[in-house]
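> Protein chains in written order, with my numbering: chain A, 1 to 152; chain B, 1 to 152; chain C, 1 to 152.
Treat the hints as calculated values from the structure; they're not laboratory data. Some hints could be false.
Unchecked claim - In silico SDA-like pairs for lysine to any residue, Cα to Cα no more than 25 Å straight-line: (1) C:87 with B:34; (2) B:91 with C:97; (3) A:91 with C:34.
So the chains spell out like this:
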Amino acid sequence: MGNPNLEAAFYQGIQVLRMRVITKYLSLHSRGETDVVDITGSVESAIGETEFRDGIVTVFVPGSTGALTTIEYEPGLLRDFPAMLEKVVPKNFDYRHGSNGHSHVRASIIGPSITIPFKDTRLTLGTWQQLVFVELDTRPRSRDLVLQIIGE
Amino acid sequence: MGNPNLEAAFYQGIQVLRMRVITKYLSLHSRGETDVVDITGSVESAIGETEFRDGIVTVFVPGSTGALTTIEYEPGLLRDFPAMLEKVVPKNFDYRHGSNGHSHVRASIIGPSITIPFKDTRLTLGTWQQLVFVELDTRPRSRDLVLQIIGE
Amino acid sequence: MGNPNLEAAFYQGIQVLRMRVITKYLSLHSRGETDVVDITGSVESAIGETEFRDGIVTVFVPGSTGALTTIEYEPGLLRDFPAMLEKVVPKNFDYRHGSNGHSHVRASIIGPSITIPFKDTRLTLGTWQQLVFVELDTRPRSRDLVLQIIGE
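With these hints in hand, go ahead and build the complete structure from the sequences.
In structure tokens, the structure reads:
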């Protein structure tokens with residue numbers, strides 16, 4: 001704009017006001033098939049590292065044998081959810097894919113992505129609702145989830 | 001920037017142009033288990049209250065016994081969908097969680113979040129496709145859904 | 001702002017810096033029931049047509065008998081996934097909706113929307129993970145998916 005002071009103020013103003021996208025990664029180690037990992041605290045920490053107050057976070061699993069959802073994270077449901085997955089999409093079936101065909105089908109049905117609003121830096125979860133990664137593969141895995149955070 | 005008029009114009013310009021996030025809430029009362037509530041009109045009204053033309057809305061259920069999806073909202077499917085949920089994740093099963101274990105499992109599979117584009121202030125739904133909240137708990141509930149609207 | 005040069009620079013600066021939303025459409029023809037269509041390349045091409053480097057894309061099916069998810073796109077799973085859908089939500093059942101009641105229920109469970117992060121113009125998919133449209137209706141259909149791309 002010609003005037004260096006004005007230009008600096010201009011870009012500073014933009015930085016303060018504008019919405020942005022910030023990418024974070026969340027590494028975890030699952031303990032094996034149908035391990036349900038509570039990632040609520042880690043995702044809120046990642047949001048806290050940005051300067052955003054309000055926005056959305058899209059959590060995504062790169063990989064086709066894991067899924068994201070929410071659940072009340074308590075021992076009863078941590079047994080019920082895997083037991084029901086075995087009933088809905090059983091391991092024993094004539095899969096063409098091989099030994100973990102059920103893992104893939106379960107992951108495609110539950111889904112690899114979840115988008116959750118945050119307000120005043122906190123996820124808008126209910127009191128008894130946690131954000132979880134569900135390991136659907138047949139062995140322990142290392143996972144690097146993508147957190148795409150869009151906010152202001 | 002030193003010049004008050006210029007500064008005012010600057011911030012006004014930003015306000016007009018920039019993307020923003022706006023949070024709205026949608027309160028509803030479900031009538032009981034597997035009540036399917038059409039929230040299409042309410043969500044479009046909330047978008048209409050913003051100045052956005054194009055963007056996305058993330059609708060989220062704070063709570064672990066409700067879900068969001070789309071369906072053709074007609075009497076046949078309003079019977080078929082609950083009937084199939086009972087087949088897929090039946091109520092009678094040895095749940096550890098207690099009397100509404102099936103509610104939680106169904107909610108985790110369908111999912112607590114849906115993100116839908118809007119264009120020219122309208123959701124991009126098909127003609128026979130409605131956005132719905134599905135009550136999966138075993139009793140009528142009051143729900144406060146979060147609408148995180150990002151647009152320009 | 002009074003000064004035309006300054007005003008032009010101001011708007012140009014905003015254009016460069018700000019996040020935006022861009023709507024694209026993806027037309028496809030499905031070959032019939034449970035056709036699984038790999039749309040990864042088309043969605044990445046659409047992102048490439050924008051000037052965005054980082055952001056999210058929400059892919060949405062206008063219509064209540066199609067769904068979006070990810071899967072390892074290989075012949076075995078392209079048989080396993082439909083076979084399991086038939087087991088989970090069978091075609092033969094006393095549907096009130098008529099001949100494609102199962103199509104609707106399957107679509108509502110899998111979901112009509114998926115949001116995926118992109119980074120440096122690439123979707124953050126795993127190596128053996130493809131973004132797919134799943135035709136759940138009982139006949140070949142033409143579909144116009146909505147891609148709402150938000151980025152910077």
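> All the hints need checking, so say for each whether the structure fits it.
Hint-by-hint comparison with the structure:
Between the alpha carbons of residue 87 of chain C and residue 34 of chain B the distance comes to roughly 22 Å, so the proposed pair stays at or under 25 Å and holds. For a cut-off of 25 Å, the pair hint linking residue 91 of chain B to residue 97 of chain C stands: about 23 Å separates their Cα positions. Distance check on the hinted pair: residue 91 of chain A and residue 34 of chain C sit about 21 Å apart at the alpha-carbon level, within 25 Å; holds.
Every hint, counting from the list given before, is met by this structure.
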